[in-house]
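K.L.:
In the order they appear, the protein sequences are chains X and P. Last residue of the first sequence: 628 in my numbering, with the numbers rising by one and none dropped. Last residue of the second sequence: 264 in my numbering, with the numbers rising by one and none dropped.
These are calculated hints, taken from the structure and not from any lab test. Heads up, some of the hints might be wrong.
What the hints assert, rightly or not - Computed list of lysine-lysine pairs in DSS-like fashion (alpha-carbon distance at most 25 Å, straight line):
1) K44/P - K254/X
2) K75/P - K279/X
3) K237/X - K44/P
Values in this document were obtained by computation on a predicted structure and should not be read as measured data.
Take a look at the letters that make up each chain.
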Amino acid sequence: MTDPAVHTTPPLKIVIVGHVDHGKSTLIGRLFHDTGSLPDGKTEAIQAMCERRGMPFEWAFLMDALKAERDQGITIDVSHIQFKTALRDYVMIDAPGHREFIKNMVTGAAQADAAVLVVDGMDGIQEQTRRHAYLLHLLGIQQVVVAVNKMDLVEFSEARFLQVADDVKAYLADLGIDLQHTLIVPVSARDGDGIVTLSDRMSWYDGATLAESLDTLQPPITSEQLPLRFPIQDVYKFDERRILAGRLESGHLKVGDTLLFSPSNKTAQVMSIEAWQAKDRILGVRAGEPVGVTLDEQLFIERGEVASTVTNAPMLSNVFRGRIFWLGHKPLVPGNRYKMKLCTAEYMVEVEKIERVIDVKDLGSARGTQVERNAVGEVVLRTRGLVPLDPFDVNMVTGRFVLVEDFDIVGGGLINMDNYADQRPGQTVKSTNITRVEHRVPMEERWKANGHTGGILWMTGLSGSGKSTLAFSLEQYLFRLGYQVYVLDGDNIRHGLCADLGFSPEDRVENIRRVGQAAALFARAGVLVLTAFISPYRADRDRVRALGSDIFHEIHVDANLETCEERDPKGLYAKARKGEIADFTGISAPYEPPVAPELHLNTTEQSVEDSVAILADYVSKKFALTSR
Amino acid sequence: MDHLDVLESRTIYILREAFNKIDNLAMLWSLGKDSNAMLWMARKAFFGHVPFPLVHIDTEKKFPEMYAFREHYAKEWNLDLRKGLCPPVEEMDPTLPPAARSAARKTAGLNTMLAKEKWSGLIAGIRRDEEGTRAKERVFSPRGGQNKWDFRDQPPEFWDQFKTDFPPDTHLRVHPILGWTEIDIWRYIQREGIPIVDLYFSKNGKRYRSLGDQDITFPVESNASTLEEIIEELQETKVAERSGRAMDHESEDAFERLRADGYM
Chain X
1 MTDPAVHTTP PLKIVIVGHV DHGKSTLIGR LFHDTGSLPD GKTEAIQAMC ERRGMPFEWA
61 FLMDALKAER DQGITIDVSH IQFKTALRDY VMIDAPGHRE FIKNMVTGAA QADAAVLVVD
121 GMDGIQEQTR RHAYLLHLLG IQQVVVAVNK MDLVEFSEAR FLQVADDVKA YLADLGIDLQ
181 HTLIVPVSAR DGDGIVTLSD RMSWYDGATL AESLDTLQPP ITSEQLPLRF PIQDVYKFDE
241 RRILAGRLES GHLKVGDTLL FSPSNKTAQV MSIEAWQAKD RILGVRAGEP VGVTLDEQLF
301 IERGEVASTV TNAPMLSNVF RGRIFWLGHK PLVPGNRYKM KLCTAEYMVE VEKIERVIDV
361 KDLGSARGTQ VERNAVGEVV LRTRGLVPLD PFDVNMVTGR FVLVEDFDIV GGGLINMDNY
421 ADQRPGQTVK STNITRVEHR VPMEERWKAN GHTGGILWMT GLSGSGKSTL AFSLEQYLFR
481 LGYQVYVLDG DNIRHGLCAD LGFSPEDRVE NIRRVGQAAA LFARAGVLVL TAFISPYRAD
541 RDRVRALGSD IFHEIHVDAN LETCEERDPK GLYAKARKGE IADFTGISAP YEPPVAPELH
601 LNTTEQSVED SVAILADYVS KKFALTSR
Chain P
1 MDHLDVLESR TIYILREAFN KIDNLAMLWS LGKDSNAMLW MARKAFFGHV PFPLVHIDTE
61 KKFPEMYAFR EHYAKEWNLD LRKGLCPPVE EMDPTLPPAA RSAARKTAGL NTMLAKEKWS
121 GLIAGIRRDE EGTRAKERVF SPRGGQNKWD FRDQPPEFWD QFKTDFPPDT HLRVHPILGW
181 TEIDIWRYIQ REGIPIVDLY FSKNGKRYRS LGDQDITFPV ESNASTLEEI IEELQETKVA
241 ERSGRAMDHE SEDAFERLRA DGYM
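Taking the hints into account, I'd like the entire structure generated from these sequences.
P.N.:
Structure (structure tokens):
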């Protein structure tokens, strides 16, 4: 009897990828058999099929359910089968390895939470191994278990295993996949070695079995912490209600919230959240949930508009860069026009230029004039109107798109907005007739004079987490070492530069924008700027990062709420708890922690001295010039 | 969100995509547990309305309980019910094994209705875990000129972007509950209190796990007479869901041939 609690969490979806003939389907067949997940009679049925064909027993027939595949011996399409360990349920997605079938592999892998990359122990890394690993990376799949299969064909040699493992590691590391959590397991799927039990024939290996490795994978993280993105899927007028329906892709929404619709730039308040049955009626919804809302005024809103909060809206742009995997029979060339689907919206896009074509073999890039079928390229796309979008690394769902040619989806792409501006009116430059002038002192000269490069150490965290304490200690320490260093602190700035701003979400955004601009000016002057602001919104910090991703270093000063409340250096938490301060971060206003900060300091556990030491070490590695 | 919330959310998203993107849409209603759960979610997706016709392809060999269920709920739920009859078995492909040949009547009945009603999209409640060829389906699955399924060259489908553009002579099959399993469906029926035909509950030590034509559908040994007992039974069983459906087991590829020709 399995634990009923297991069924309240979704099964973990795992895609199996790898070069043709490296044994993916066999591996799955064996995994199902050895974990007792096969229905009665399935083994016998496969046995009978093999006998009729006069061939030895073939586990691959389990997934290759279609007759056409059995005769050719290769997987044509994607199959899904459920399977379970004592820990949890899984859905296995079998993706084909044959070169022509990349579109099916992408179809399978795009739904997965993690991947098993199967590599033949004798053949080692092959073209499809690389291509699949690359596509996994592009599709945003970070967790990979590597199964080095067919160990029986290399006499269970440890040396051979280590060699293949090293090759795989080197490639994955080049892709930027975190190797610390990547398990590499030697198996022989045909005989079951290393699948659910360790093999006597590989006594040199005492790590996790394949099944145990799968159990270490993490479920997908929710996007509830991200800013609200609610793409409108449809507008229903079945009765007197006018309902905007869709799915919350990130963030949360409640009755009374003010929504900003993009690209139309209209705003309205949520009057109600609708449901068919009274029992489903709710006042708020979270990321992932279906929703239908009515508004306090009758706006003309169509499918494709994206609703957000007023302060954390998606970027608006008519030009952006896409990293594209191409599935079309005809190559992608500059000047071509396609239909782009981004969430529920559709736009015509024109390929402005191809910046580079990526060679998956060595990850090198070449200047190319076209992107061929099954290849990957970076292209610049342009639309007529403004498109609401996010960079992929800020929001996966609103940062990706597909392209359609004629009747078919011919490619998928991830958005990168580096060096492209947000064109939302009001956030763009209001003064005209301004031309940037070049300095006559090159940046490198300033750096050389100072002995270090300029930059921003952006400390973010709850009130009381220790940002100011650390910033001022570090400033003193670095100054004594001869650094050009200066702290921009929240309280000080609000007495001058931002004296006109309060603590409403809009004012917080403007506060951070000004601080970011000021910090960037300091940094360009060659100074190492330390900032100490709660800066609760991820989008605001990302906007500062966009001023110069090479000079921006995000430091998460991380103490849990209880610790901060206990410290309460300014007595603010006590006031907030009494309701005397509205919109207090951590109590009545959200804090969105950094997703991938350059540095993470746990100040609940660490002393101030230790944290400063870590910071000082980081500064000397990243900013000090070698001559120093 | 728990597992059922995640599944329900995606099904609702797919139903809304289909309704928005397909002009002439209908939903197949087999009266079985899956299509009842799917219909329930359509009512959720459209806030109590079902904005397309419900199609029952009637082989005239269903169980009496199923017909009674159909008439009762079509009225109670205010459904736009369309019934389609099927040609006699003698007109079916004689090379098919007997039960599959009988089941092929349903495809023929459906094709006749399609020709008449000119639906460009049909919503069907099939699931990947039911059977191997269904495991390979897409959510939006195009059918060619003769309503045939080309499983060798299926469109890519990722990031919830579906194939919604197609030439005039194709129609789409939309599969909103493709990712659900049998036990998910039962847990959802239990959670939501969805009415179902009582043939699923055990009488005299037998119950139906899957409902089809009377003459080619057989009950399985079971004492499960409540939803709780059915769920408990499914956690333990290793008997396949469609083991009582004769047409799946006559020959290796019988079901695949049926599906390539347009069977659900």
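K.L.:
A separate judgement is required for each hint: does it hold in the structure or not?
P.N.:
To see whether the hints hold, each was checked on the structure:
1. K44/P - K254/X: holds (19 Å)
2. K75/P - K279/X: This hinted pair holds, its Cα atoms lying about 23 Å apart.
3. K237/X - K44/P: Roughly 15 Å separates the two Cα atoms, so the pair holds.
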